[in-house]
Amino acid sequence: MGWERVAGRLIIEIRRRRHLSQAELARSAGMTRSVVNAYEHARRQPSVEALARLAAAGGMQLRLAPQEPPRIDPERSGRILEQVLDLAEALPHRRPGRLAYPRLNASGR
1 MGWERVAGRL IIEIRRRRHL SQAELARSAG MTRSVVNAYE HARRQPSVEA
51 LARLAAAGGM QLRLAPQEPP RIDPERSGRI LEQVLDLAEA LPHRRPGRLA
101 YPRLNASGR
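With our numbering, letter number 83 in the sequence shown gets 83, and the count goes up by one each step, no holes.
Derived by calculation from the structure, the hints in this document are not laboratory data. Among the clues, some could well be false.
Pair ranges (Cβ atoms, derived) [as the list claims (entries may be wrong)]:
no.: 1; residue 1: Pro74; residue 2: Arg95; range: 30 to 38 Å
no.: 2; residue 1: Ala65; residue 2: Arg17; range: 17 to 25 Å
no.: 3; residue 1: Ile12; residue 2: Arg79; range: 41 to 49 Å
no.: 4; residue 1: Leu81; residue 2: Glu24; range: 49 to 57 Å
no.: 5; residue 1: Ala65; residue 2: Pro92; range: 49 to 57 Å
no.: 6; residue 1: Gly2; residue 2: Ala56; range: 22 to 30 Å
no.: 7; residue 1: Ala23; residue 2: Gln45; range: 18 to 26 Å
Yeah, the Cβ is synthetic: ideal placement off N, Cα and C, and Gly gets one too.
Please model the entire structure based on the sequences and the hints provided.
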């Protein structure tokens, strides 16, 4: 999903949580309703500053925070790896045959 769509869904969610119309949110953020509408429908891409203004106008704060890396359970990972290796060993093994390429004549055709 592109940034425009994420931003638009975020703006809709801000309005929904605060029970605001596009016009009310736009007025509070110092923009026009048509701009908010264009952001919500991904016809325009809001800047981070514009998105922060809309969030603030809706009584929320836009902030960036580091994302926690996913936790990896080494025991579970080990069990899955064992299963994959067991399955790989159970596959029938065929020696690859030689590949036959068409001969080219002196002219390269």
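In rising order, the numbers of the hints this structure does not comply with: Hint check: nothing fails, all pass.
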